[in-house]
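Peer 1: Residue-level listing of the chains:
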Amino acid sequence: MTPNAGQLKKSLRRSLSVLALCFAGSALAQTSILNVSYDVSRELYKDINPAFVAAWKKQGGGDLTVNQSHGGSSKQAMSVAAGLDADVITMNQSPDIDILVERGGLVVADWRKQFPHNAAPYTTTSIFLVRKGNPKQIKDWDDLARPGVGVIVPNPKTSGNGRYTYLAAWGYALDKTGNEAGAKDFVKRLFANVPVLDGGGRGATTTFTQRDIGDVLVTFENEANLIAQEFGADKFDVVYPSLTIEAEAPVAVVQKVAAKRGTEKVAKAYLDFLFSPAGQEIIAKHDFRPRDPAVLKKYAAKFPKVKTFTVDQKLGGWAAVQKAHFADGALYDQIIVLKK
Amino acid sequence: MAATALHLHSDLAGRYESNPATRESAWVKWTVIGVSLTFFALFILLPLFIVFYEALRKGWEAYLVALVEPDALSSIKLTLLAAAISVPLNLVFGIAAAWAIAKFEFRGKSFLITLIDLPFSISPVVAGLIYVLVFGRTGWLGPWFIENDMRIVFAVPGIILATIFVTFPFIARELIPLMEAQGRDEEEASTVLGASGWQTFWYVTLPNIKWALLYGVILCNARAMGEFGAVSVVSGHIRGETNTMPLHIEIVYNEYKFSAAFAVASLLAILALVTLVLKTFIEWRATQTLKRSKT
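Heads up: the protein sequence lines correspond to chains A and B, in order.
Residue numbering for the first sequence follows the working numbering, beginning at 9 and increasing consecutively.
Residue numbering for the second sequence follows the working numbering, beginning at 48 and increasing consecutively.
If we strip away everything but chain A, and leave its shape as in the complex, we get (with noise of 0.2 Å):
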């Protein structure tokens, strides 16, 4: 190559990149983090974004922006993996963050043992929320099953929200009748009675609520809370029934991202703070079941005690779970398809 075309090559790049800046705009002007999340964790990182950037300041970290993106956990760990920005990515199930590090290795491996209890800052379950004073009698997940009861609950293809709630009843049916066989009738018999898949927790939410469908939705025991918030408590009615799934929210640094970004110390920083007592203080507010156990304790009117099994107890980990179950033509999609 010449150095006339070297020259022109450098140039030419130099001036696209400055269109590039005029494009991004203000978002460069500062230090700004992305964090990446799923559908019903707005709230939260709303409350969480302002305390982290405080703390930073106060530690001398300088002005900071926290950006938030949120959808159905597969399709945002989708965007992620197509090239969104993350910074960091704070999801409800481990499959979309191990996705990350299948494709590309945006994520490294061990992600699991960056930070404490799994890279988990909290835990929920997947709970009931049913119309006022209960109408159609439901308790547990037997009711769900029954002819005539509509169960409103997220895609489980596209969110973490409705893949819990269909291995919660899967875990249920396979304590109750002992085999796999007897499992997938019932999980069957329950997807039968769905009328809706919405693409995000929140979706299915809008459905029940708003729109009036279904007898009962399952979602995480934060929405369901929050729901009651905000629609009045006069409307439906919360039931735990007799065994649920323990839901981890992981959260990641996306390495890759953060390292071309120079966030990588930010980036740790505010996951970190997840963990901290305040951060803790903060998820336990917004009804989510905390890691600590002094804030457990503090807010344990919040949190009936419930059975809960986790997958990696009953269902032999995230990786099994994805193969047997969700992978394509595997057993959810065979129980999609028989219900038609």
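The hints are simulated quantities; they were obtained by calculation from the structure and are not laboratory data.
Every value quoted in this text rests on a predicted model; they were computed, and no experiment measured them.
Every residue gets a Cβ at the ideal spot worked out from N, C-alpha and C, and that includes glycine.
Be a bit skeptical, because a hint or two may be false.
The following label-pair restraints were derived from C-beta to C-beta distances [stated by the list, open to error]: (1) A/190 - B/103: 51 to 59 Å; (2) A/219 - B/100: 46 to 54 Å; (3) A/124 - B/90: 52 to 60 Å; (4) B/317 - A/309: 41 to 49 Å; (5) B/100 - A/242: 20 to 28 Å; (6) B/79 - A/243: 39 to 47 Å.
Assemble the complex: chain A is given as a structure, and chain B must be docked to it using the hints.
Peer 2: Structure of chain B alone, referenced to chain A:
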């Protein structure tokens, strides 16, 4: 003239009615008018009314607060920016394409027409995905752009590209039938009289198509501001950065802030109504011009 989508008021209806041979009986006339008006009221006026009703349910103050909130403001800005870039580009392209198709014969002409129609027949979601597949991290051109620190998808350029794609056919589609109907006689006359190519364009072609062109611009603009599907796929939904008005409405609605969602929706509706008034005005002016040219 019938070929153009621009609706020109003619006195044909009056002629049909004054002639007993073509006049419909009164009950047919009123049933048809009644059915269409009821339909219109139920499916168009009522929802429009509800948008404004819901928007103002918590009062003017809440309405204004919802509109000046930083995320809302940024979505309004982004929507206007996307329209301000995509409409002029499509204007230039639309005139060029319509000119080429209407005034010249060349091989592949019908293929070009098909290509222009493509964005109409492709679902907007697919249109958005195309850009993700091309400019995404694992896409064809994406790695090069990312290597050079340029963001196309999940950033403003992607939104503008997607908007250009879906609004691409409006102006050309509006102009082609009109220019074909007009033929090239006037241009030929102007050339024979010694006008240059530019002069012919500025003094002959452009005045002839100006109303249809404006009409196309307005349709194009309306779609550019209202587009949801394609933009949703390439947006990344970063608050205050890559949300356009339609996306912002969905997000706010999903946060149980119904009045705020309807407030932004009403603003979008107002923009649409302004568009509608402009469109009616242009139709009226075009009719006037047509009448004048006939007398």
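Peer 1: Take a look at whether the Cβ-Cβ distance between residue 124 of chain A and residue 90 of chain B falls inside 52 to 60 Å.
Peer 2: holds, 56 Å
Peer 1: Starting from the range 51 to 59 Å, see whether the pair residue 190 of chain A and residue 103 of chain B falls in it by beta-carbon distance.
Peer 2: This hint holds: roughly 55 Å between Cβ atoms.
Peer 1: Holds or violated: 20 to 28 Å for the Cβ distance of residue 100 of chain B and residue 242 of chain A?
Peer 2: Given about 24 Å between the Cβ atoms, the range holds.
Peer 1: Return holds or violated for the Cβ distance of residue 317 of chain B and residue 309 of chain A against the range 41 to 49 Å.
Peer 2: holds, 48 Å
Peer 1: Could one say that the CB atoms of residue 79 of chain B and residue 243 of chain A fall in the range 39 to 47 Å?
Peer 2: Holds, at about 45 Å.
Peer 1: Per the hint of 46 to 54 Å, is the separation of the Cβ atoms of residue 219 of chain A and residue 100 of chain B within bounds?
Peer 2: Between residue 219 of chain A and residue 100 of chain B, where Cβ atoms are some 18 Å apart, the hint is violated.
In the structure shown, a violation is registered for the earlier hint numbered 2 alone.
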